[in-house]
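Q: Sequence:
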Amino acid sequence: MTNKNPNIIIILADDLGYSDLGCYGSEIKTPNIDNLGNNGIKFSQFYNQARCSPSRASLMTGLTGHQAGVGQLSGDLGAPGYRGFINNECVTVAEVLKQQNYDTYLSGKWHLGGAWDPREKEKWEAGSENHPTPKQRGFDDFYGIMDAASSFFRPESLMDGDKFIDVDDPDYYFTDAMSERACEMISGSMEKDNPFFLYLSYTAPHWPLHAKPEDIAKYEGKYLKGWDYFRTARHEEMKGLKILDSKWEISPRDSDVGNWEEAQYPDWEDSKMAAYSAMIDSMDQGIGKVINSLKVNNQFENTLIFFMSDNGGCAELMKEDGDWSNTSQWETNLINGEPVRVGNIPNLRPGPGTTFQSYETPWTNVSNSPFRLFKRWIHEGGISAPLIAHWPNEIDEPRIESEPLHIMDIPATSIDAAGANYPSEYNGNNIKPLEGESFLSLLKNKWSREKPMYWEHEGNQGIRKGEWKLVKEFGGEWELYNMNEDRTELNNLAAKDKDRVKEMSTEWEEWAKLSNVLPWPVDPNVMAKRLEGDHSHIHQHRGPTATQIAEGKGKFL
117 MTNKNPNIII ILADDLGYSD LGCYGSEIKT PNIDNLGNNG IKFSQFYNQA
167 RCSPSRASLM TGLTGHQAGV GQLSGDLGAP GYRGFINNEC VTVAEVLKQQ
217 NYDTYLSGKW HLGGAWDPRE KEKWEAGSEN HPTPKQRGFD DFYGIMDAAS
267 SFFRPESLMD GDKFIDVDDP DYYFTDAMSE RACEMISGSM EKDNPFFLYL
317 SYTAPHWPLH AKPEDIAKYE GKYLKGWDYF RTARHEEMKG LKILDSKWEI
367 SPRDSDVGNW EEAQYPDWED SKMAAYSAMI DSMDQGIGKV INSLKVNNQF
417 ENTLIFFMSD NGGCAELMKE DGDWSNTSQW ETNLINGEPV RVGNIPNLRP
467 GPGTTFQSYE TPWTNVSNSP FRLFKRWIHE GGISAPLIAH WPNEIDEPRI
517 ESEPLHIMDI PATSIDAAGA NYPSEYNGNN IKPLEGESFL SLLKNKWSRE
567 KPMYWEHEGN QGIRKGEWKL VKEFGGEWEL YNMNEDRTEL NNLAAKDKDR
617 VKEMSTEWEE WAKLSNVLPW PVDPNVMAKR LEGDHSHIHQ HRGPTATQIA
667 EGKGKFL
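Using my numbering, you'd call the opening residue of the sequence shown number 117 and step up by one each time.
Hints listed in this document are in silico derivations from the structure and should not be mistaken for laboratory results. All of these numbers come straight from a predicted model, not from anything done at the bench. It is possible that part of the hints are untrue.
Claimed, not checked - With a straight-line cut-off of 27 Å between C-alpha atoms, the simulated DSSO-like cross-links for lysine-lysine are: (1) Lys308 with Lys411; (2) Lys567 with Lys581; (3) Lys567 with Lys548; (4) Lys214 with Lys279; (5) Lys560 with Lys629; (6) Lys405 with Lys145; (7) Lys214 with Lys145; (8) Lys338 with Lys308; (9) Lys308 with Lys145.
Claimed, not checked - Across the chosen pairs, the derived CB separations fall in these ranges: (10) Lys567 with Ala611: 36 to 44 Å; (11) Gln380 with Glu541: 54 to 62 Å; (12) Pro455 with Glu623: 26 to 34 Å; (13) Phe280 with Lys363: 51 to 59 Å; (14) Pro196 with Glu454: 41 to 49 Å; (15) Arg515 with Glu377: 24 to 32 Å.
Ideal Cβ positions, reconstructed from N, Cα and C, are used throughout, including at glycine.
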């Protein structure tokens with residue numbers, strides 16, 4: 117292959133916290149990702165959309181999740197910004213790059229194709245308007261899952277192209293399969309004279325805590341030092357690495373988390389974090405294979421690689437006594453017929469496919485160190501993620517970059533790097549203008565963003581404008597922080613600067629009106645109909661200052 121346009125690879129981790137990589141202060145072994153970061157650019161102020169589907173919608177389209185039709189998750193809430201699938205008023209980066217003769221591939225999680233029931237796959241029409249698959253949205257090839265989460269040993273919603281497939285290999289592990297298929301896609305593209313775009317969308321380390329025994333063994337016993345030790349150690353390491361300003365104090369341990377000495381099942385707690393770390397370790401090994409494939413095919417130097425996460429660490433609890441009757445994709449028996457025990461059952465060690473657990477709030481508080489709150493929230497713990505850019509042909513000097521970036525900027529930059537033109541019309545549909553900004557020049561020189569950044573998810577709201585951030589929890593009051601002085605959001609200046617609060621909140625309201633954002637919940641009648649039934653077995657932690665909302669009764673998507 118002799119093309120001059122760069123290959124572009126976007127690698128997305130799922131529920132990875134800000135401090136979960138070695139090059140961002142973690143004790144977890146990620147040498148391949150670290151090499152990308154240490155020989156490229158590590159961004160210290162990169163933001164996502166706080167949740168799986170909205171972040172993925174922005175990453176694919178360069179728009180807000182609401183503009184693309186995915187303001188919450190994959191359920192259809194009956195409003196334009198909340199249909200649960202990417203609409204026809206946007207184009208994916210794959211669709212744009214195909215116009216520039218790129219071959220386009222996706223290996224991993226999609227989660228932009230609407231709601232569906234895996235127990236009724238025969239009734240599910242792949243590629244219908246409200247169930248678009250990657251192949252309907254610009255990808256030449258797709259291997260992965262349509263849904264939010266599934267077993268790593270026998271994923272229920274696994275597809276190859278537009279066809280559902282079953283797993284019959286007792287040694288199957290989804291992270292490995294994604295990595296191997298990505299390598300095959302790269303090798304296959306060498307038979308052509310086109311550049312390629314690869315979206316490698318891992319499901320690690322999203323629950324369930326499924327990992328291979330040999331990877332878990334590397335970490336067993338390590339976390340008996342407790343969550344307080346590792347949260348502080350990571351913060352100190354990040355300061356030493358210059359990822360964080362040393363004047364930013366670590367936020368207090370979350371109010372839902374007790375002292376490690378009070379942990380009722382310390383060995384089990386250690387095993388949860390060991391499994392979580394093993395999942396990240398396995399993902400890193402797979403990325404190493406992808407890097408090797410690029411080198412073997414003489415494409416490493418001319419490939420722009422982005423690595424990031426879709427949201428902050430996830431504090432969701434899988435209740436041991438929950439009602440799992442509507443979650444067949446999580447209860448799938450293993451190939452040998454062994455049943456899966458779903459829920460965080462004390463002293464049942466996670467890792468094997470016969471378990472289905474999450475790592476819960478205490479360890480999530482470590483993943484998001486030094487920030488507070490978690491996935492779903494607009495405070496820094498929910499929206500801050502590592503971002504690495506690696507491109508040997510264009511990035512001259514490795515560095516840490518503190519310019520704030522948004523996940524919507526990634527497709528804009530990718531399109532710019534490919535020399536492609538973003539369309540105003542596609543397939544007869546008018547296309548919304550890009551919201552993201554290209555930061556291509558920042559890879560070699562200086563660049564600063566022109567637009568404020570806005571967020572909304574399930575009533576949590578935020579705007580960042582320069583050094584100022586205004587943020588609010590659902591049902592709460594606006595909080596104001598100076599990000600240059602107080603990135604960990606410990607000194608709320610709202611009462612001291614009411615004029616700024618008024619100005620920025622007005623800007624947020626104007627943005628919301630233009631972006632298909634509706635008050636949460638979107639429509640109580642629609643929500644009640646969609647969410648009928650008690651599914652409070654998946655409990656989302658609600659943080660130290662959050663309004664205590666009645667325990668959720670609804671289908672988790």
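Q: A separate judgement is required for each hint: does it hold in the structure or not?
A: Hint-by-hint comparison with the structure:
1. Taking the CA atoms of Lys308 and Lys411, the gap is near 17 Å; set against the 27 Å cutoff, the hint holds.
2. Taking the CA atoms of Lys567 and Lys581, the gap is about 8 Å. The hint holds against a cut of 27 Å.
3. For the given pair, Lys567 sits about 17 Å from Lys548 by alpha-carbon distance, which is consistent with the 27 Å threshold.
4. Restraint check for Lys214 and Lys279: the C-alpha separation of about 22 Å stays at or below 27 Å, so the hint holds.
5. Between Lys560 and Lys629, the direct Cα distance comes to roughly 36 Å. Violation of the 27 Å bound is thereby established for this hinted pair.
6. In summary, the hint linking Lys405 to Lys145 is supported, as the alpha carbons are separated by about 16 Å, within the 27 Å threshold.
7. Taking the CA atoms of Lys214 and Lys145, the gap is near 36 Å; set against the 27 Å cutoff, the hint is violated.
8. For a cut-off of 27 Å, the pair hint linking Lys338 to Lys308 is broken: about 47 Å separates their Cα positions.
9. Of the supplied pair hints, the one linking Lys308 and Lys145 is violated, its CA atoms being roughly 36 Å apart against a limit of 27 Å.
10. Between Lys567 and Ala611, the C-beta spacing of about 28 Å breaks the proposed range 36 to 44 Å.
11. For Gln380 paired with Glu541, a C-beta distance near 60 Å keeps the hint of 54 to 62 Å intact.
12. One distance hint, 26 to 34 Å for the beta-carbon pair Pro455 and Glu623, is violated here, with the actual separation near 53 Å.
13. In this structure, Phe280 and Lys363 meet the distance hint of 51 to 59 Å, their C-beta atoms being roughly 53 Å apart.
14. Taken as a hint, the range 41 to 49 Å holds for the pair Pro196 and Glu454, whose Cβ atoms sit roughly 44 Å apart.
15. Our hint of 24 to 32 Å for Arg515 and Glu377 is violated, since their Cβ atoms are close to 41 Å apart.
In this structure, the earlier hints numbered 5, 7, 8, 9, 10, 12, 15 are contradicted, and the remaining ones agree with it.
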